[in-house]
Amino acid sequence: EAGVTQSPTHLIKTRGQQATLRCSPISGHTSVYWYQQALGLGLQFLLWYDEGEERNRGNFPPRFSGRQFPNYSSELNVNALELEDSALYLCASSFLRGRGQTGELFFGEGSRLTVL
Amino acid sequence: RKEVEQDPGPFNVPEGATVAFNCTYSNSASQSFFWYRQDCRKEPKLLMSVYSSGNEDGRFTAQLNRASQYISLLIRDSKLSDSATYLCVVRGSGNTPLVFGKGTRLSVIA
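Residue numbers (the working numbering), protein chains in the order written: chain A, 1 to 116; chain B, 1 to 110.
Chain A extracted, bound-state conformation:
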């Protein structure tokens, strides 16, 4: 069974440009999470989608946005890129059991964004 897949693996952009990152969750998982892992900062929560709706949002500016499609795949968009947006962007999926989370997130290998 395929795990969480992300694309592109690497992306190089310049300041002010826009980046789009994509994620396909594990089959049967309805929740998709986006985390940013910058050097020395650990994983920072960005966005959480479930059943096409945004469930929660981390402490990031509005230029970080995303969506979830009917097939549960997701897209993260970062507008007006800044140098400090350079990081590994990790997507994870999980299955919401009833009204709660199972706790285990399955991560993709990430998309490494470099902003020059």
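Worth flagging that the hints you see were computed from the coordinates, not collected in a lab. Every value quoted in this text rests on a predicted model; they were computed, and no experiment measured them. Mixed in with the good hints, there may be bad ones.
[Claimed, not checked] Straight line, CA to CA, 16 Å or less: simulated EDC-like cross-link-like pairs of lysine to aspartate or glutamate: (1) B:Lys45 to A:Glu82; (2) B:Lys45 to A:Glu109; (3) B:Lys102 to B:Asp7; (4) B:Lys102 to B:Glu5; (5) B:Lys79 to B:Glu15; (6) B:Lys42 to B:Asp82; (7) B:Lys42 to A:Glu109; (8) A:Lys13 to A:Glu109; (9) B:Lys45 to B:Asp82.
[To be verified] Residues of chain A clear of chain B, computed beta-carbon distances all greater than 12 Å: (10) Gly16; (11) Ala19; (12) Ser65; (13) Glu75; (14) Leu83.
Idealized CB from N, CA, C, for every residue including glycine.
We have chain A already, so just place chain B on it with the hints.
Frame of chain A, contents of chain B only:
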């Protein structure tokens, strides 16, 4: 105060050693606790959940102290393959996302 705090390490230990990692969390309403493992340049993976009564999985033992808001992970008989970063992870009540600590790096040396 950070939501989840860990000693960054690195912890350099010989094979066969016992090593303990500690973690504190700030949200007293936190409901779920986990340890994840992240190998160099790889994605994080769930190592084990942490239960109030403490739990063990082979060489790994996790403990939770809700009163002190403290979580620990003990690794016995360290193997070279245990070398990784260990992430302490906490979830609050309701539909809140998992909050990750920065991780503690472990290097097991032959």
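Each hint tested on the structure:
1. B:Lys45 to A:Glu82: violated (29 Å)
2. B:Lys45 to A:Glu109: Between Lys45 of chain B and Glu109 of chain A the Cα gap is close to 11 Å, so the pair holds against 16 Å.
3. B:Lys102 to B:Asp7: Roughly 9 Å separates the two Cα atoms, so the pair holds.
4. B:Lys102 to B:Glu5: Holds, because 7 Å separates the two Cα atoms, which is no more than 16 Å.
5. B:Lys79 to B:Glu15: holds (5 Å)
6. B:Lys42 to B:Asp82: holds (14 Å)
7. B:Lys42 to A:Glu109: holds (6 Å)
8. A:Lys13 to A:Glu109: Status violated; Cα separation ~20 Å.
9. B:Lys45 to B:Asp82: holds (13 Å)
10. Gly16: holds (28 Å)
11. Ala19: Check passes; 19 Å lies beyond 12 Å.
12. Ser65: holds (17 Å)
13. Glu75: holds (18 Å)
14. Leu83: Its Cβ never comes within 12 Å of chain B, the nearest being 21 Å, so this holds.
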